[in-house]
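Make a model of the complete structure from these sequences and hints.
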Amino acid sequence: MKIFQKLGQMPIGLTVPAFAILLIVFGMPIILLFLSSINAPAFSVTNYYKFFSQPANVRVLFQTIEVSVLATGMCLIVGYPTAYLIVTASKRVRLTLIALVIIPYLTSGLARTYAWIVILGDRGVINNLLLHLGVIHSPLPLIYNRTAVYIGMVHIMLPLMILPLVSAMMGIDRSLMAAARSMGARPLAAFWRVFFPLSLPGVRSGSLLVFVFCLGFYITPAALGGLRDAMLSTFIAAQVTSSFEISKIATSAFILLAIAVAVLSMLGLNLAGAQGRAATSAPRSWVVRLPIFAMRKHYFSEFPNRYRAKLWTTQLYQAGGNSRLSNIVGAVFVLIVMVYLLSPGLIVVIMSFSAGTFLEFPPSGVSLQWYRSFFGDPSWNGAAWTSIQIGIAVAILSTVVGTLAAYGLNRTHPRLRGFLTMTILTPVTIPVIVVGIATYLGLVNLGLIGSKTGIVLAQSLGAIGIVVVIVSATLANLDRTLEQAAKSMRAGPLQTFLRVTLPLIRPGVIGGAVFAFLHSFDEVVITSLVSGYSIRTLPLKMWENIRNQIDPTIAAVASLLMLVPVLWLIVLYLMWWRARPRDHHTLSELAT
16 MKIFQKLGQM
26 PIGLTVPAFA
36 ILLIVFGMPI
46 ILLFLSSINA
56 PAFSVTNYYK
66 FFSQPANVRV
76 LFQTIEVSVL
86 ATGMCLIVGY
96 PTAYLIVTAS
106 KRVRLTLIAL
116 VIIPYLTSGL
126 ARTYAWIVIL
136 GDRGVINNLL
146 LHLGVIHSPL
156 PLIYNRTAVY
166 IGMVHIMLPL
176 MILPLVSAMM
186 GIDRSLMAAA
196 RSMGARPLAA
206 FWRVFFPLSL
216 PGVRSGSLLV
226 FVFCLGFYIT
236 PAALGGLRDA
246 MLSTFIAAQV
256 TSSFEISKIA
266 TSAFILLAIA
276 VAVLSMLGLN
286 LAGAQGRAAT
296 SAPRSWVVRL
306 PIFAMRKHYF
316 SEFPNRYRAK
326 LWTTQLYQAG
336 GNSRLSNIVG
346 AVFVLIVMVY
356 LLSPGLIVVI
366 MSFSAGTFLE
376 FPPSGVSLQW
386 YRSFFGDPSW
396 NGAAWTSIQI
406 GIAVAILSTV
416 VGTLAAYGLN
426 RTHPRLRGFL
436 TMTILTPVTI
446 PVIVVGIATY
456 LGLVNLGLIG
466 SKTGIVLAQS
476 LGAIGIVVVI
486 VSATLANLDR
496 TLEQAAKSMR
506 AGPLQTFLRV
516 TLPLIRPGVI
526 GGAVFAFLHS
536 FDEVVITSLV
546 SGYSIRTLPL
556 KMWENIRNQI
566 DPTIAAVASL
576 LMLVPVLWLI
586 VLYLMWWRAR
596 PRDHHTLSEL
606 AT
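The numbers in the working numbering rise by one with no breaks, and the one at position 190 of the sequence shown is 205.
No lab work stands behind these hints, which were simulated from the structure alone. Bear in mind the structure is a predicted one, so any value in this text is a computation, not a measurement. Do not rely on the hints blindly, as some may be mistaken.
Cβ pair distances, simulated, as ranges [what the hints assert, rightly or not]:
hint, residue 1, residue 2, range
1, 26, 396, 40 to 48 Å
2, 348, 197, 27 to 35 Å
3, 155, 348, 21 to 29 Å
4, 548, 415, 24 to 32 Å
5, 64, 585, 25 to 33 Å
6, 344, 585, 29 to 37 Å
All C-beta atoms in this analysis are idealised placements derived from N, C-alpha and C, irrespective of residue type, glycine included.
This is the structure in structure tokens:
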């Protein structure tokens, strides 16, 4: 009790467990990794010179940047109009579309990558359909090329672009668009001059997240791309499995990390979502400020004013003739995007019930043979049970530590809070292969390589950051006067937290635990490095089978993984729905 009271007086102390795990497992090893890249204590850049002196390394580096930039651009081109159409839809349709975007976002990335292998393969859905229709006479090379890599990466990253855009667009005052229209601006001009600048924070956040995650992509390029489509993360993973020369691995990892840090530093990841700065206009050129240019500009701009005024008055109260057409086009566009996001999973689910000796779409018969194969094979159900055990441990550890950290950060100074929050989110915002290499070194020093404890600590690095973000968002909407009222009724800090604060933030805590479990259940890269070939989780078992043999049992496993987020969303909704009616009773119960 006294310890909690002291921590209550110094809220920053509640972040100690989170920073202790971050420092021991990741912080100190990343420093040692950097020292290895510069040959400490000699301190030279020989390793970096060797890296850039090899044309193959430079080609892989530029290819990684190129693929990441193009994938981010594709996500933005598709995601921005999708987010805009979602925000402008009715409330019920909007909630439905957001849920449809969240479902694939929560679905295992490995399962979605496998879905595209099934669809794009030589005997996949598309080739079989075209052969059946007689359009082609031999399978098209749809897989193991750059196009397949873009299809898979955009499919996985698109929800991560749409959700920040929707969040930013929801905070835009729609009356500003109406005000622009009332001053004579046409719909397109009002959009570009008012709405788009205010949505730039969402564009920046979504683009940065997608680009940084694409830099560290490993599974999708390795599964869908060819030998010429290797990215730097694949190159680093090959170095780990082949020679494990720590200096070369550290050099490649820090080059990748330097790119991510440089982009984040130049553009900045705006977590506050301030929109006011987005609307500031760029400074005008010195040519525009010349008097003679200003006079000519005034003359030529005033000349058509009368015509534009008459045209505006005739169109202001005129019904939009193409509004119905634009609605149809928007609905078709959103439908295509949703089909792109959801159809791969649905196809795999349908194919998992195939009665044949291999996967086919549509199935020639219905059978549960691949599900029986999964539950009857000890290697499969053993890996699943291991993943469940590790996922539960990660969820418990990250939820407790992350909730304490979020509560402590919520009570600290805003500037210090921002810095500490970004520090906790470091394992989430940098390429995952770099986190995996540093974590491996940290667990080697602790002697935890090849143990469940080591895997739990490694996976908790990202899970803690996820919990901190979710619980902090919940605490931001918490009415602090309720805590003050509880203390005025002689409730101590611990009693106030357990009887008032915790019930009010319970949905956020449960949501953080769910996302932490899903993060653990889908983790492949870090787990493959720290498992030591002695522990096999379900994602590792799937990845081995995808690389070595296309076992139809994977379709059943992928189908089960795709049902997990749906069940979790139902649980979260029920917990939120049940928590609402009882929130207002917390103070009355405390008083009695």
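Taking the hints in turn, this is what the structure says about them:
no.	hint	verdict
1	26 <-> 396: 40 to 48 Å	holds (44 Å)
2	348 <-> 197: 27 to 35 Å	holds (28 Å)
3	155 <-> 348: 21 to 29 Å	holds (26 Å)
4	548 <-> 415: 24 to 32 Å	holds (30 Å)
5	64 <-> 585: 25 to 33 Å	violated (56 Å)
6	344 <-> 585: 29 to 37 Å	holds (33 Å)
Hint check: a violation occurs at hint 5 only; the rest are consistent with the structure.
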